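Enquirer: Sequence:
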Amino acid sequence: MELNPPQKQAVNTLSGPLLVLAGAGTGKTRVVTFRIANLIRHGIRPTRILAVTFTNKAAAEMQERIGHLLGKRLKERPATSTFHSHCVKILRRHIRVLGYPDQFAIYDRGDQESLARQVLREIRVPNETLRPAELLSLIGSWKSRSVLPADSTRLARTDREHLASMAYRRYQQTLKNAGAVDFDDLLLCTEQLFRDHPDALQDEASRFDHLLIDEYQDTNGSQYRIVKALASGHRNLCVVGDDDQSIYGWRGAEVEHILRFRDDWPEATVVRLEHNYRSTAAILEVANRLIRFNKVRHDKVLQAARHGGQRPRVLQFPDENAEARTVVDEIRRHVEGGQFQPSQFAVLFRTNEQTRAFETELRRVKLPYVLVGGMSFFDRKEVRDVLAYLRVLVVPQDEVSLLRIVNTPPRGIGSKSVEAMMKAAVQSGQSLWQIVQHPTCLPANSRPAASDFARMIERHREQLDSRSTLVDVARQLIDRVGYEAELNRLYSNPDEQQSRWASVQEVINALGAYEQQAAKPKMLDFLDEVALGDRAFDDEKEKQLRRNAVVLMTLHSAKGLEFPHVYMVGMEEGILPHHRSLADNESGVDEERRLCYVGVTRAQDCLSLSFPRTRMKWGKPRDTIPSRFLYELTGQAENPAQIARRQQAIRQSSANRRRSFKK
Numbered sequence: 001m002e003l004n005p006p007q008k009q010a011v012n013t014l015s016g017p018l019l020v021l022a023g024a025g026t027g028k029t030r031v032v033t034f035r036i037a038n039l040i041r042h043g044i045r046p047t048r049i050l051a052v053t054f055t056n057k058a059a060a061e062m063q064e065r066i067g068h069l070l071g072k073r074l075k076e077r078p079a080t081s082t083f084h085s086h087c088v089k090i091l092r093r094h095i096r097v098l099g100y101p102d103q104f105a106i107y108d109r110g111d112q113e114s115l116a117r118q119v120l121r122e123i124r125v126p127n128e129t130l131r132p133a134e135l136l137s138l139i140g141s142w143k144s145r146s147v148l149p150a151d152s153t154r155l156a157r158t159d160r161e162h163l164a165s166m167a168y169r170r171y172q173q174t175l176k177n178a179g180a181v182d183f184d185d186l187l188l189c190t191e192q193l194f195r196d197h198p199d200a201l202q203d204e205a206s207r208f209d210h211l212l213i214d215e216y217q218d219t220n221g222s223q224y225r226i227v228k229a230l231a232s233g234h235r236n237l238c239v240v241g242d243d244d245q246s247i248y249g250w251r252g253a254e255v256e257h258i259l260r261f262r263d264d265w266p267e268a269t270v271v272r273l274e275h276n277y278r279s280t281a282a283i284l285e286v287a288n289r290l291i292r293f294n295k296v297r298h299d300k301v302l303q304a305a306r307h308g309g310q311r312p313r314v315l316q317f318p319d320e321n322a323e324a325r326t327v328v329d330e331i332r333r334h335v336e337g338g339q340f341q342p343s344q345f346a347v348l349f350r351t352n353e354q355t356r357a358f359e360t361e362l363r364r365v366k367l368p369y370v371l372v373g374g375m376s377f378f379d380r381k382e383v384r385d386v387l388a389y390l391r392v393l394v395v396p397q398d399e400v401s402l403l404r405i406v407n408t409p410p411r412g413i414g415s416k417s418v419e420a421m422m423k424a425a426v427q428s429g430q431s432l433w434q435i436v437q438h439p440t441c442l443p444a445n446s447r448p449a450a451s452d453f454a455r456m457i458e459r460h461r462e463q464l465d466s467r468s469t470l471v472d473v474a475r476q477l478i479d480r481v482g483y484e485a486e487l488n489r490l491y492s493n494p495d496e497q498q499s500r501w502a503s504v505q506e507v508i509n510a511l512g513a514y515e516q517q518a519a520k521p522k523m524l525d526f527l528d529e530v531a532l533g534d535r536a537f538d539d540e541k542e543k544q545l546r547r548n549a550v551v552l553m554t555l556h557s558a559k560g561l562e563f564p565h566v567y568m569v570g571m572e573e574g575i576l577p578h579h580r581s582l583a584d585n586e587s588g589v590d591e592e593r594r595l596c597y598v599g600v601t602r603a604q605d606c607l608s609l610s611f612p613r614t615r616m617k618w619g620k621p622r623d624t625i626p627s628r629f630l631y632e633l634t635g636q637a638e639n640p641a642q643i644a645r646r647q648q649a650i651r652q653s654s655a656n657r658r659r660s661f662k663k
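For what it's worth, my numbering labels the leading residue of the sequence shown as 1, then goes sequentially.
Misleading hints may appear alongside valid ones.
[As the list claims (entries may be wrong)] Derived BS3-like pairs: lysine-lysine, alpha-carbon spacing no greater than 30 Å straight-line:
(1) Lys559 - Lys295
(2) Lys228 - Lys543
(3) Lys543 - Lys559
(4) Lys228 - Lys89
Please keep in mind that the hints were generated in silico from the structure rather than gathered at the bench.
Being a predicted model, the structure only gives us computed values, none of them experimental.
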C-alpha cells in the first residue's frame with residue numbers, strides 16, 4: 001500500500017518540530033517507521049536517531065520494520081527504547097551525582113509493597129489507617145507530578161495524606177540506602193539530574209540529532225520535561241499521537257501536552273492522519289459523532305477507506321445475565337454457522353468485575369474464550385525468589401531482596417534472628433548485608449547459619465567476575481540452595497511442583513536468551529530488562545490473542561487492537577462513564593468518552609453496544625440509567641427534554657439508593 005498525501009507529508013518533513021495527529025486506524029506505525037528510514041536515506045546516521053515508545057514490544061517491532069525497509073546490511077541501528085529503558089541508560093552513566101550507586105537496583109511492585117509495609121510498621125501506622133497499596137498510590141501520584149518528599153508535606157491536606165508524607169520520606173531514604181530506585185524514580189531522578197546538573201543534560205542531549213516520541217498523548221509531566229530538555233537544542237522533535245485516545249489520566253498522563261504542542265514549539269508543522277483503514281463508514285460515523293462532544297481537542301474527522309457497512313446496534317436487556325446470555329448465544333450461532341471463528345469476536349468491558357456473567361455463559365455453551373490479563377509471570381512466588389537471589393549477587397545492599405531470600409529455603413535464620421540483625425543495622429548505621437557478613441549481634445549458636453549464607457553469596461558473586469557464564473552461575477546457585485526440593489516441600493500436588501519448577505527454568509531460559517544476544521552480557525543488565533519490560537507477560541498476552549477463542553478484555557487493554565466483531569457491554573451510567581469520573585469534573589467524563597471512542601474504533605465490521613435495564617447490587621436488582629454516550633453517538637444527546645429526564649432519573653436513582661442504604 002502506498003502512502004497517502006498526509007502520510008507522505010509526515011514522512012518527508014525531516015527537520016524541525018513535527019506533530020503528527022494520527023487518528024485510530026490511520027497507519028501510524030507505518031508512518032513512524034517510514035519516516036525514520038527516510039531520515040537514514042537522507043544521510044542521518046542511524047545512531048543519531050532516538051525513537052521512544054511506551055512498550056518494549058512496540059520498540060522491537062519498530063526496529064524490525066526499519067530493518068525490513070532498509071535491508072539487513074544496515075550496520076548501525078537507530079536507538080529505539082521505552083521512556084523508562086532510556087532513563088535507565090542515562091542514570092547508569094550519571095546517577096552517582098545524585099548519591100546513588102551506578103549499579104542501583106530497580107524495585108518492582110512487589111518489592112515496593114514489601115518496603116511500604118516495612119516503612120508503615122516502623123512509623124507505627126496501623127494497616128486499617130493506611131494500607132501499603134494506598135501509600136504507594138499516593139507516593140506514585142506525588143512522583144508523577146515531580147513532588148519530592150520534602151514538598152509532599154506542604155501539599156498534604158488530610159490526616160491520611162500527612163501520614164503518607166511522613167512514610168514517603170522514610171520510603172525514599174530507605175530506597176536510597178539500599179542502592180535502589182522504584183519505577184517512578186527512573187523518570188523523577190532523570191528529571192532531577194537534568195535540572196540540577198547541566199553537564200549531564202548536555203552530555204545526554206548531544207548524543208542524538210533527531211528525537212521521535214510515539215503515543216505522545218500518554219506522556220506524564222516528567223516525561224514531557226525530559227523530552228523538552230533533550231530536544232531544545234536541535235529542535236528536531238517529532239511527536240506522534242492522538243488526543244482522542246488519551247485514556248491514561250489515572251496514571252499521570254496529561255492530554256494537555258499534545259494539545260499545546262504548538263505553544264511549546266511555535267514553528268511546528270502539524271500533519272493530520274484522518275484516513276481510517278480499519279473500520280467501515282457506518283462505524284466511523286458514530287465514532288466521529290461521539291468524540292465531537294469533547295470540546296478541548298484537535299479538530300479532526302476520521303474518513304473511511306471502507307464505505308458502507310452495517311450500522312452499529314444499541315441493545316437493551318432485562319438484566320446483566322440476560323445481556324451475557326444473548327450476546328454469547330449470538331456469537332455461538334455465528335461460529336456454529338461456519339462463517340466466523342471465535343477469535344473474530346471481542347467482548348469489551350469497563351471493569352474486570354463485569355466478566356463473571358460472560359465467562360459463565362461461554363462455559364455453558366462450551367465456546368473457547370480467553371480473559372486477557374491476569375497474573376504476570378514475574379509476580380509468581382518462585383520467579384520472584386530466583387530473581388531476588390540474582391539481585392543480591394549484584395547488589396547485596398538490596399535489603400528487600402536480601403530479606404526475601406535470607407531464610408528461603410529455611411536455613412536456620414528465623415524471624416528473631418532477622419529482627420536482631422535489622423536492629424543492629426539501624427543502631428550501627430550499617431547495611432543489613434554488612435551485619436549478615438559479621439553477625440556478632442546473634443547468639444553464638446545462631447551465627448554459623450548467617451555466616452554460611454553470606455559466604456555462599458560471596459562465592460557466587462566472585463563467579464560473576466570469572467569466566468563462568470551467567471546461566472552457569474544462576475543454575476549453580478539454585479542447585480546450591482536446594483530450591484527444587486523446597487518447591488516439592490511446599491506443594492504436595494505433583495502438577496503444581498512441576499509447573500512452578502518450569503517457571504524457575506523459564507527464568508534461566510530468559511537469562512540464556514539474553515546472554516546469547518548481548519554483546520557484553522551482565523547480570524545487572526538482564527535484571528534491568530526484567531524490571532523494565534515484563535516480556536513474559538507480553539508474550540503471554542500475545543499467546544492469548546493468537547488462540548482461536550472469544551476475547552474478553554477491558555477497554556483499556558483493547559487499545560491498539562482490532563476485531564471484526566466487537567460487543568461493548570454494560571453501557572450504563574456509573575460504569576461507562578465510571579462513577580469515579582462523575583465525581584471528578586468535566587475532564588474526568590471527557591476521558592471516559594475517549595475510552596468509549598477507543599472501544600468503538602476497535603471494531604472493523606460489526607459493533608454492538610448494550611446495557612441491562614437492571615443490575616444486581618448487594619443481592620438486589622437496581623435500575624440502571626443508559627450511558628450518556630449512547631445518546632451522544634446515536635445523535636439524541638442534543639434533545640433538551642431527554643437530557644432533563646436523564647438528569648432527573650439520575651437524581652431520583654441516587655435518592656433511592658440513599659433511602660435503601662438507610663433501611
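Enquirer: Each of the hints needs a verdict: does it hold here or not?
Expert: We went through each hint and held it up to the structure:
1. Lys559 - Lys295: Holds, at about 22 Å.
2. Lys228 - Lys543: 37 Å, violated
3. Lys543 - Lys559: The given pair, whose Cα atoms are some 17 Å apart, holds under the 30 Å limit.
4. Lys228 - Lys89: Status holds; Cα separation ~18 Å.
Checked against the numbered hints given earlier, the structure breaks only hint 2 and satisfies all the rest.
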